[in-house]
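Visitor: Here are the chains, one letter per residue:
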Amino acid sequence: EADIYQTPRYLVIGTGKKITLECSQTMGHDKMYWYQQDPGMELHLIHYSYGVNSTEKGDLSSESTVSRIRTEHFPLTLESARPSHTSQYLCASSEGHSYNEQFFGPGTRLTVL
Amino acid sequence: DQQVKQNSPSLSVQEGRISILNCDYTNSMFDYFLWYKKYPAEGPTFLISISSIKDKNEDGRFTVFLNKSAKHLSLHIVPSQPGDSAVYFCAARKAGNMLTFGGGTRLMVKP
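Residue numbers (this note's numbering), protein chains in the order written: chain F, 475 to 587; chain G, 1083 to 1193.
It should be emphasised that the hints constitute simulated quantities derived from the structure, not laboratory data.
Wrong hints could be hidden among the right ones.
Residues of chain G placed beyond 10 Å of chain F at every Cβ, according to the derived structure [stated by the list, open to error]:
| id | residue |
| --- | --- |
| 1 | Phe1147 |
| 2 | Val1160 |
| 3 | Thr1182 |
Derived lysine-lysine pairs resembling DSSO-like cross-links, with alpha carbons at most 30 Å apart [stated by the list, open to error]:
| id | chain 1 | residue 1 | chain 2 | residue 2 |
| --- | --- | --- | --- | --- |
| 4 | G | Lys1087 | G | Lys1138 |
| 5 | G | Lys1136 | G | Lys1150 |
| 6 | G | Lys1087 | G | Lys1153 |
| 7 | G | Lys1176 | F | Lys531 |
| 8 | F | Lys531 | F | Lys491 |
| 9 | F | Lys531 | G | Lys1192 |
| 10 | G | Lys1176 | G | Lys1150 |
| 11 | G | Lys1153 | F | Lys531 |
| 12 | G | Lys1136 | G | Lys1153 |
| 13 | G | Lys1138 | G | Lys1153 |
| 14 | G | Lys1138 | F | Lys531 |
| 15 | G | Lys1192 | G | Lys1087 |
All C-beta atoms, glycine included, are put in the ideal place defined by N, C-alpha and C.
With the rest of the complex left out, here is chain F (with noise of 0.2 Å):
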């Protein structure tokens, strides 16, 4: 059973405000990413780290940024919410070998108003 976090999992903001969307994992992986998921759309890619003090941006373009100063939490962060980043937020990990699956974490939905 993967062990990775997310709160909160569910929030409704203003717009302007600044927001940050925690992640954390117990397994001691390397690599973890944020997917960016619409109802019944695909997950997108928004950003990644393959380790401490490693970002990277994703394949879908995103005004949050993230951070990694420790192995185990990789938070993203909003500095002013607008409704058009209403959506699925998905945290995941894997460990640094090349083959293995990534383990999600319950996500955080996010409505801006």
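Given the coordinates of chain F, assemble chain G onto it according to the supplied hints.
Guide: Same frame as chain F, now just chain G:
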């Protein structure tokens, strides 16, 4: 440009019958393919995978078939159970363990 496509947004199957979920891809650089299962309000969970050097991988009721020449893979579930009702995502891996996901197929298994 959607590199991984699941053309059937939904599939309904009777309990005990076979479920076949399909996935097509365009990028020949993909070397590893995975299927994930997702229940509402939960994150995707890994189901089964296949390397591009194989054409079949089986795990219990789940079998994945890969046809490289057609750039097509399928997931077979036999026999289907009501608990299999979920959204199934096909994913393809490229260098660096980056996954590209399809849009998902919602499977409904009727008792």
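Visitor: With reference to the structure, classify each hint as holding or not holding.
Guide: Here is what the structure says about each hint:
1. Phe1147: G/Phe1147 is indeed farther than 10 Å from all Cβ atoms of chain F, at 19 Å.
2. Val1160: Non-interface label stands for G/Val1160: nearest chain F Cβ at 22 Å, farther than 10 Å.
3. Thr1182: Not fine: 7 Å to the nearest Cβ puts G/Thr1182 too close to chain F.
4. G/Lys1087 with G/Lys1138: 20 Å, holds
5. G/Lys1136 with G/Lys1150: Roughly 9 Å separates the two Cα atoms, so the pair holds.
6. G/Lys1087 with G/Lys1153: Holds, at roughly 11 Å.
7. G/Lys1176 with F/Lys531: Holds, at about 16 Å.
8. F/Lys531 with F/Lys491: 22 Å, holds
9. F/Lys531 with G/Lys1192: 41 Å, violated
10. G/Lys1176 with G/Lys1150: 15 Å, holds
11. G/Lys1153 with F/Lys531: Between G/Lys1153 and F/Lys531 the Cα gap is close to 27 Å, so the pair holds against 30 Å.
12. G/Lys1136 with G/Lys1153: 13 Å, holds
13. G/Lys1138 with G/Lys1153: 14 Å, holds
14. G/Lys1138 with F/Lys531: 34 Å, violated
15. G/Lys1192 with G/Lys1087: 25 Å, holds
Hint check: violations occur at hints 3, 9 and 14; the rest are consistent with the structure.
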